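Peer 1: Sequence:
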Amino acid sequence: MIHDAEKTPCPECGGRRVRVTAFTHHGQVAVPHTLDLKQPNRSLLSRLQGKSNSTPAYAIACTICGYTSFYATQPKNLIPDD
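Note that the numbering used here has the sequence shown beginning at -3, numbered continuously upward.
It should be emphasised that the hints constitute simulated quantities derived from the structure, not laboratory data.
Predicted model only: the values in this text are computed from it and were never measured.
Treat the hints with caution; some may be incorrect.
Stated by the list, open to error - Label-pair restraints from in silico Cβ distances:
#1 Pro71 x Thr20: 41 to 47 Å
#2 Phe19 x Pro71: 23 to 29 Å
#3 Glu8 x Thr30: 37 to 43 Å
#4 Val14 x Ile75: 18 to 24 Å
#5 Lys72 x Thr30: 39 to 45 Å
#6 Leu31 x Pro7: 32 to 38 Å
#7 His29 x Tyr63: 39 to 45 Å
#8 Pro7 x Lys72: 37 to 43 Å
#9 Thr4 x Leu41: 37 to 43 Å
#10 Ser39 x Cys9: 37 to 43 Å
#11 Phe19 x Ile75: 16 to 22 Å
For every residue, glycine included, the Cβ atom is placed at its ideal position computed from N, Cα and C.
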């Protein structure tokens, strides 16, 4: 389930929030980037068993104060091994 953060007001100032995309500039060209979050403590055995230790994420930014938060699209992938 993807979080519905765009529809909730900014927790800092109450302003409107929008989804944003990160870009890196290579000369005159802006190249979009995706953000991936990684759980570094996932064991090699778990990864070999097909358990992912990362997830794509997206950013939500306030259009008034600039407060920005990140949301994992598959947060269960970040749960550490027992």
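Peer 1: For each hint, tell me whether it holds in the structure or not.
Peer 2: So, going through the hints one by one against the coordinates:
1. Pro71 x Thr20: 41 to 47 Å: 26 Å, violated
2. Phe19 x Pro71: 23 to 29 Å: At roughly 25 Å between Cβ atoms, Pro71 and Phe19 fall inside 23 to 29 Å, so the hint holds.
3. Glu8 x Thr30: 37 to 43 Å: 25 Å, violated
4. Val14 x Ile75: 18 to 24 Å: 29 Å, violated
5. Lys72 x Thr30: 39 to 45 Å: Violated, at about 19 Å.
6. Leu31 x Pro7: 32 to 38 Å: 20 Å, violated
7. His29 x Tyr63: 39 to 45 Å: Distance hint for His29, Tyr63 is violated at roughly 21 Å.
8. Pro7 x Lys72: 37 to 43 Å: 24 Å, violated
9. Thr4 x Leu41: 37 to 43 Å: Check passed, 39 Å falls within 37 to 43 Å.
10. Ser39 x Cys9: 37 to 43 Å: Since the Cβ atoms of Ser39 and Cys9 sit about 42 Å apart, the hinted range of 37 to 43 Å holds.
11. Phe19 x Ile75: 16 to 22 Å: Roughly 31 Å apart at Cβ, these two residues miss the hinted range, so it is violated.
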